[in-house]
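A.B. asks: Residue numbers (our numbering), protein chains in the order written: chain A, 149 to 434; chain B, 122 to 450; chain C, 7 to 267.
Honestly, the hints are just simulated from the structure, not real lab data. Any given hint might turn out to be false.
[Unchecked claim] Chain C is faced by these chain B residues, among others (derived, beta-carbon under 7 angstroms):
| hint | residue |
| --- | --- |
| 1 | Ser-166 |
| 2 | Arg-332 |
| 3 | Val-336 |
The beta-carbon is built from N, C-alpha and C at its ideal position, and this holds for glycine as well.
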Amino acid sequence: MDLFVQTLVNGLLQSGLYALVASGLALAVGVVGIVNFAHGEYLMIGAFLAWAGSAFLGVDPLLSLPVIAVAVFAIGALTYRVSIRHVLLAPELNQMLLTFGLGILLQNLALMLLGGNTRTVTTPYQASSLQLGDLSVGGPKALAFGLAALLLGALYVVLYRTTLGRQMRAVAQNRRGAQLIGIDVDRVYLIAFGVSCALAAVAGVLVSVLLFASPTVGLVFALKAFAIIVMAGLGNLTGVLWASVLLGVSEALVQTYVPGGGGWSDAVFFLMIFGTLVLRSFRGAR
Amino acid sequence: MSARQAEAGAPVRAAPRREITPGAALPLLGFLLLAALFPFLPLGSRAEFLLQIAFFTLVAGIMALSWDILARSGQVSLAHAAFYGLGAYGYALLLKAGLPWLLAMPVAALLAGGVSLILGAVTMRLSGMYFAIATLAFTEVVRTIIQNLPESVAGGATGLLVPALLGGNSRAQYALAWGLLAFTVLVSLAVRLTRLHFAFAAIRQGEETARVLGVSIVRFKLLAFFISSSLAALAGVLYAGKTFFINPLETFSLANSIAPLTTSIFGGLYTTLGPVLGATVLRVAEELLHNSVKDGYLVVYGLVLMLSILWLPRGLMGLRRNRKHGGDL
Amino acid sequence: MTAATTIGGTLSPASQGAEVLRAEGLSKRFGGLKAVQDVSFTHHQGEILAVIGPNGAGKTTLLNLLSGVYRPSAGRLHLMGRDVTDQPMEARCHAGLGRAFQIVRPFPEMTVHENVTVGALFGKPGQRLPEARERAWALLERTGLAAHADKAAHELTLLQDKRLEVARALATNPSVLLLDEVMAGLRPGEAQEAVALVRGVRESGVSVLFIEHIMPVVRDLADRVVVMDQGQVLAQGTYREVTADPRVVSAYLGTEEGLQA
Ligand SMILES: Nc1ncnc2c1ncn2[C@@H]1O[C@H](COP(=O)(O)OP(=O)(O)O)[C@@H](O)[C@H]1O
Ligand SMILES: [Mg+2]
Chain A
149 MDLFVQTLVN GLLQSGLYAL VASGLALAVG VVGIVNFAHG EYLMIGAFLA WAGSAFLGVD
209 PLLSLPVIAV AVFAIGALTY RVSIRHVLLA PELNQMLLTF GLGILLQNLA LMLLGGNTRT
269 VTTPYQASSL QLGDLSVGGP KALAFGLAAL LLGALYVVLY RTTLGRQMRA VAQNRRGAQL
329 IGIDVDRVYL IAFGVSCALA AVAGVLVSVL LFASPTVGLV FALKAFAIIV MAGLGNLTGV
389 LWASVLLGVS EALVQTYVPG GGGWSDAVFF LMIFGTLVLR SFRGAR
Chain B
122 MSARQAEAGA PVRAAPRREI TPGAALPLLG FLLLAALFPF LPLGSRAEFL LQIAFFTLVA
182 GIMALSWDIL ARSGQVSLAH AAFYGLGAYG YALLLKAGLP WLLAMPVAAL LAGGVSLILG
242 AVTMRLSGMY FAIATLAFTE VVRTIIQNLP ESVAGGATGL LVPALLGGNS RAQYALAWGL
302 LAFTVLVSLA VRLTRLHFAF AAIRQGEETA RVLGVSIVRF KLLAFFISSS LAALAGVLYA
362 GKTFFINPLE TFSLANSIAP LTTSIFGGLY TTLGPVLGAT VLRVAEELLH NSVKDGYLVV
422 YGLVLMLSIL WLPRGLMGLR RNRKHGGDL
Chain C
7 MTAATTIGGT LSPASQGAEV LRAEGLSKRF GGLKAVQDVS FTHHQGEILA VIGPNGAGKT
67 TLLNLLSGVY RPSAGRLHLM GRDVTDQPME ARCHAGLGRA FQIVRPFPEM TVHENVTVGA
127 LFGKPGQRLP EARERAWALL ERTGLAAHAD KAAHELTLLQ DKRLEVARAL ATNPSVLLLD
187 EVMAGLRPGE AQEAVALVRG VRESGVSVLF IEHIMPVVRD LADRVVVMDQ GQVLAQGTYR
247 EVTADPRVVS AYLGTEEGLQ A
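Next up, chain A with everything else stripped away, as it sits in the complex (with noise of 0.2 angstroms):
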């Protein structure tokens, strides 16, 4: 019975850090209604800034976190400009083999700059864990859960208390309907990729805390959000949460109970995908 309640725990955990990725991803297909197949790599771009921070600088990444953010921002909204806002009208399937090439530039060119080794952080909270009663939680898991509830509660605020957020829903809703109320539909769409750009930003600098930095890092996390925001419905934002939570916990449940549990729980969010497609699939009209 302890397992099971700390498997369930460890499974809430890991949800943060995926709730964080798949919001981000959400929201460039939900507001901008680009299916961005680069989004891992935002991810380990944080990652790796992180890790450098630290290992040049000796800044801890929980410090440089607001930094990052803010500079993969910048280099989410340049990306926009340079590329995304050119095939908005494009078919879709251009759209998304864009942003495929552009996440195999991305990880080929960190590949490249900086080998395929992995890089660990080192934090001085790194091996501290909570004891609550029989329940042992790693620092650094809850300290990253923390960090992404706030965050998450964060752009909810912003979603839903402000201007800014007010517009961003709109577009999301009617792209030619917020056009016509006076909406500056382009500076909204670069403002919500470069939001999610940051968001896997922030993510990446946990996972450096928690994993490590590597160039491909960003690809299995990509891959679960695309399995959560497809089990929550396309750019659905709540549904993000629940679904997180859903594919975290299962990780965990297979990790504990299935014999060699640890190699097949990296299967279960295609399960889920898998799972998901096809109920719609039959439920959907012929």
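Given chain A, work out where chains B and C with the ligands should sit, using these hints.
C.D. replies: Just chains B and C with the ligands now, with coordinates in the frame of chain A:
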């Protein structure tokens, strides 16, 4: 009434511009001829190395062209690495089970084709990015399964040794790869020149409309999957037999899905010559870069993919004289 | 009789006047909107049936139910005496249903001739490519598109696109042809041609169900008229009967089309 009569009076059966003439096959024949002659060129001291690059160029051609055949039916897949890998692993395991290589090769291809029917059935109603994500995830899971099978079965994460193809004779290996590419070209032409072309193109350009006109999407989408994946598996067999060591990470690498996709788009989608030409250009570029950098040479594919989408949507084939309705093959 | 009868295979002169299409209580909801509600009618062999009604009455949705684009929320559909309610679009096409869309849907990267060839090739099982090409040529001549055969479909004008819709649907060799406002936007002379074309189609043994707003065309062509309003059948009968029906008149009052009887 008069308008209609004027139209009807025009030369009605002038040779349709889209009709494919035998001449359209000339560039393809030329390419295959050049490829066939390659080993007989005076390659000098680096012959072995050049032959190996040429071999993998042919493999890349098979991958790209087979991917394109599936794309013609509107299914833009990121699962090509899965079938490449299933071909490689199927071949290795069938050899281990004692099958002669000449039998193991087609059986591995057909097995991969069979597995593709499962994926095809599940993704039947998906399109666009849902389809892409599902196929991407499928690849990851096939890899996870192979990796987590007991080591005694498929070698686990470490990998498997595969007996060298044709006793390691690189000229013979090249000839075999050439033969399989020629076979793939024939299959592609067959798809282009028969009713399959109309079924695939109709499904791609308007699935619902195609169905209302009687095109059975189940049959044709699955057929596209089967043809495409079996051919990709043949490429995997060549890879396994040439490198004589396969592991899940490299064999099922996303790169093996990216390369055929990028190559086809760069060369010219929905044609036979385009993907083959694209493979030649990109493979050479990749090798050149690979010589100077150890990691990240795939950057070529990312860059080419982005630039093609932004500036060269019809690929290399679109660069030829402006033949808007050219009867391209 | 000709083409359709022999190839459809199920019709004989004796069954002339038999029902080709029977809808029983067909309904379709979109969320809370009842787009089609409890629609029943019978379409007989060789008959030209018109469906009229104001914009948004549910006519196109009804056609989507007939051709299988939508699955009905309730009701059954019989085609050539067989229950096809659970059959997918392609099976209904093979069973003899042809359809031209109101919003034209050419395959944009194909030539006009190739577009029609798709219908000729797959509309019925077992067709061969060379014959399908030939039949496509014949249909292009019949619909006045022959001179444009080699154009890419996206180069056509809207009127030509509408002809292409009809040619492609006819190419599937249907027993019943569904036409959705194919004459909208035609000039009077062109409309007369279209009327002649539809008559010719019926002469060849095909039953026609068409949606149309142009009342003179309905009067000239239709053997029987089904009037729809707000998803429901308001009246059915001959043109004279339905236009005399006070409910029909009041449904049309205040709509921009009016009743130009
Ligand atoms: N796919 C759909 N989803 C939601 N509502 C629809 C859909 N298709 C049609 N409708 C609605 O159903 C009603 C009937 O539409 P339609 O059948 O196109 O009318 P008509 O062809 O008679 O003009 C309209 O109110 C329309 O807005
Ligand atoms: Mg309508």
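A.B. asks: A separate judgement is required for each hint: does it hold in the structure or not?
C.D. replies: Here's how the hints hold up against the structure:
1. Ser-166: With a minimum Cβ separation of about 49 angstroms from chain C (threshold 7 angstroms), the hint on Ser-166 (chain B) is violated.
2. Arg-332: Status holds, d = 4 angstroms.
3. Val-336: Interface hint status for Val-336 (chain B): holds (5 angstroms vs cutoff 7 angstroms).
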